[in-house]
Amino acid sequence: MSTIFGSSIGRKLLMSLSGLFLVVFLIIHLSINLLLLVPDGGQMFNVAANFMALPLIKYGLQPVLFAGFIVHIIYAAILTAQNNKARGSAKYASGNNTKDVMWASKNMFVLGLTVSAFLVVHLIDYWVPLQITHAAESITIDGVEMHNTYALVNAAFAESWRVILYVIGALGLTIHLTHGFWSAFQTLGLSNNIWRKRWTVIGIAFAWIVGLGFSLIAILQFAFYQ
Amino acid sequence: MENNISLTLKVWRQNGPKEKGRFETYKLEKVSTDSSFLEMMDILNEQLINDGNEPVAFDHDCREGICGMCSLYINGRPHGPDDDVTTCQLHMRKFKDGETITIEPWRSAGFPVIKDLIVNRNAFDTIIAAGGYTSVSTGGVPDANAIPIPKVDADEAMDAASCIGCGACVATCKNGSAMLFVSAKVSHLALLPQGKVEAARRAKNMVAKMDELGFGNCTNTGACEVECPKGVSISNIARLNREFLKAKLQD
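Residue numbers (full-length UniProt numbering), protein chains in the order written: chain A, 1 to 226; chain Z, 1 to 251.
Because the hints were derived from the structure by calculation, they are not lab data. A quick note: this is a predicted structure, and the numbers were derived from the prediction, not measured. Honestly, I wouldn't trust all of these hints.
To be verified - Part of the chain Z face toward chain A, derived, beta carbon under 7 Å:
| no. | residue |
| --- | --- |
| 1 | 214 |
| 2 | 216 |
| 3 | 248 |
Backbone N, C-alpha and C fix where the C-beta goes; we use that ideal spot for every residue, glycine too.
All chains should be built: construct the whole structure from the sequences, respecting the hints.
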């Protein structure tokens, strides 16, 4: 066990496991975001957001989530650097004309950068005012005082340039997932000629549900909830 | 029907491992479309020798697609524009009259250039020596019913064993990864009872050697599978991952 993470497959295992963990996070995130579409002035969304700020989640699960992101990003950087070194300094003058290779699979690091840009904006816009400075305004629902997270999100989606950037980020995430999802199972060894096709189909469907889901919520918020 | 084509060749020339290489351009007239790519290279070399120049060094041996010796990165693809063939089995009918063909050696940190188009693929032999065998002789072909082996396993083992170790997988991989080669060599033994005994040790040792020799980390692009002259499937890579992780967890 001692050297497993020192091996190439071990490092890939960390990418795979952290990636799948982040997939679970995406499912939860999208489910909560769907509440933005409930036409109750954001009441249900605020209650859900307040639930996610419970001490157990804030101090118990959130560090795990951060760790997941950090492992995924750091190992992406390490693997990319090692792979560039293994490719060698001499490049092919005639380029690469290999067909039938998914574009996403060759650009995971760049796609990851679009997703992480998204992540940084998220931290500044929401995490800091809601959990660190508590600068976000408050609202009382059923006698419980909480942050009016809905107002914060709603105001952000009122600006068209933010919605456009948000959709671009969500599409970057989609393309990242079209390769990342099945690739995670391949790395775990849970794949063969039959299951690779299945994981790929499931992965592509999941990627578009997530990407279009987040995008549609942003667009509908911009168009109908202001 | 014999057809002749004229070609412009851009060939990588490099005097030695430490020397700086460069592209040289050669014109070749009247090359039969029925000739193989390596026969075309022979014609080029004959022309160079007759002109008093040094011939182009390139690897070749059996010229019938089974030894894995020929290499060449042709117009952006290992083994050239045809699918599922080695360079010796590539024919000039795949090229157009007047076409410019760029011919380069395999490029990867794991395969340093020795001279011109020849690269050092000793790394593959070193990986095999780390565990790609069975330690004891398993004898001749056993009686067909003596050790029952499912047809599916036998077929997959045979498909994996068709790897000829040419290195096209490494040459095309954006990560310079040797995972398709190693996975084929691990798979064809791991699937059969004779090879299963040492499966764990084999997977660990071969992967460790592959890492040590500076090959990259597989990111599942699948380019190797497309360029493999024998069509070795990346499902073998999933099997290698499984065998390796299982072996490590048992430690």
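Taking the hints in turn, this is what the structure says about them:
Nearest Cβ of chain A to the Cβ of residue 214/Z: about 6 Å, under the 7 Å cut. The hint holds. Satisfaction of the interface hint for residue 216/Z is found here, the shortest Cβ-Cβ separation to chain A being roughly 3 Å, below the 7 Å cut-off. The interface hint given for residue 248/Z holds, since its Cβ lies 5 Å from the closest Cβ of chain A, which is under the 7 Å cut-off.
In summary, this structure violates none of the numbered hints.
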